[in-house]
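5 is the number of the first residue of the sequence shown in the numbering used here; add one for each residue after it.
Hint data in this document are derived by calculation from the structure and do not stem from the laboratory. Quantities reported herein were computed from a predicted structural model and do not represent experimental measurements. C-beta: ideal position from N, C-alpha, C; glycine also. It cannot be assumed that every hint is accurate.
[What the hints assert, rightly or not] Calculated cross-link-like contacts (lysine-lysine; reagent style DSSO-like; alpha-carbon spacing at most 27 Å):
#1 223 / 43
#2 177 / 84
#3 43 / 227
#4 177 / 42
#5 194 / 129
#6 227 / 117
[Unchecked claim] Pairwise CB distance ranges (calculated):
#7 118 / 43: 19 to 27 Å
#8 172 / 71: 21 to 29 Å
#9 173 / 224: 37 to 45 Å
#10 194 / 50: 32 to 40 Å
#11 39 / 137: 18 to 26 Å
#12 94 / 158: 28 to 36 Å
#13 116 / 93: 21 to 29 Å
#14 115 / 67: 16 to 24 Å
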Amino acid sequence: MGILRYIITLAGIFLIVNTSAQVTGEWLSAEIEFDLPKKFSLETSLEARVLNPGGIGLHKFFGQAGVNYKISKRFDLTFKYRYSMRLEENMHYYPRHRLMFDFKFDYPVERFKFDYRGRFQRISKTYINDQLDLIPYMHFRNKFEVSYNVKGNPILPSVFIEIFSPLNELSRKLSDEFRFGADVSYPIAKNQSLTGGIIFINEQFESQLSGIIFTLEYKISIK
């Protein structure tokens, strides 16, 4: 009941702050992480993203795999590939391919922990409606997160903000999307956790993707 109370509280805060936004969807995911020798680890995940502007509809589902390398106690590098099926403009699902390269840093201060993730991503489409669809979408994403280790309680609440900066030559904007949100992670068993949260998304070019998203993630770590 503790984690449910925190999720309801966070949802209430975001709904008050963003009274003009409608609940636009849910992201449901499962992830497995494997420790490998020599500071490497492997992660795989599946995710479904639902949008409900006028009814519940599956907007995207994907599988993802990545290799992480721990440079030091505070620094990590990660390379990921994502294969997704996305609902395109003609209301049919088509594959998209995404390559991601992450640089991560974390630093604890007493019971707080500050995390930064810089991500370069490249997305290519298979649904081609005009010449611009032939050009891969490229962004650099800056994500800043603060989490708090609650004394005497296993939950781990956090808040974050993420800014998307386009790298395509045709775009002159410094940012075309931002997200801010909060979540709560709770260990449900040894090396297993459940995380629920809420995200407010502002997408400048696809207005139907802007709004409030509820998230739920199950994760297991195999050491």
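Given the range 16 to 24 Å, decide if the beta-carbon distance of residue 115 to residue 67 lies inside it. Cβ of residue 115 to Cβ of residue 67: about 36 Å, so the range 16 to 24 Å is violated.
Hint check: residue 194 vs residue 129, CA-CA at most 27 Å. Holds or violated? Violated: residue 194 and residue 129 sit about 39 Å apart, past 27 Å.
Given a hinted range of 21 to 29 Å, is it respected by the beta-carbon distance of residue 172 and residue 71? Check passed, 27 Å falls within 21 to 29 Å.
With 18 to 26 Å as the target window, see if residue 39 and residue 137 comply at their CB atoms. For residue 39 and residue 137 the Cβ distance comes to about 40 Å; the hint is violated.
Is residue 43 within 27 Å of residue 227, Cα to Cα? Judged against 27 Å, a Cα distance of about 12 Å means the pair holds.
Taking 28 to 36 Å as the hint, is the beta-carbon distance of residue 94 and residue 158 inside that range? violated (47 Å)
What's the verdict on residue 177 and residue 42, does the C-alpha distance respect the 27 Å limit or exceed it? Status violated; Cα separation ~41 Å.
Are residue 177 and residue 84 close enough, with their CA atoms no more than 27 Å apart? holds (26 Å)
Given hint residue 117 paired with residue 227 - CA-CA distance at most 27 Å: Cα-Cα ~23 Å, so holds.
Range hint 32 to 40 Å (beta carbons of residue 194 and residue 50) holds or violated: violated (22 Å)
For residue 223 and residue 43, compute the direct alpha-carbon distance and say whether it is at most 27 Å. holds (20 Å)
Taking the beta carbons of residue 118 and residue 43, is their distance inside 19 to 27 Å? Given a distance of about 22 Å, which is inside 19 to 27 Å, the answer is holds.
Violated hints for the displayed structure, listed by number in ascending order: 4, 5, 10, 11, 12, 13 and 14.
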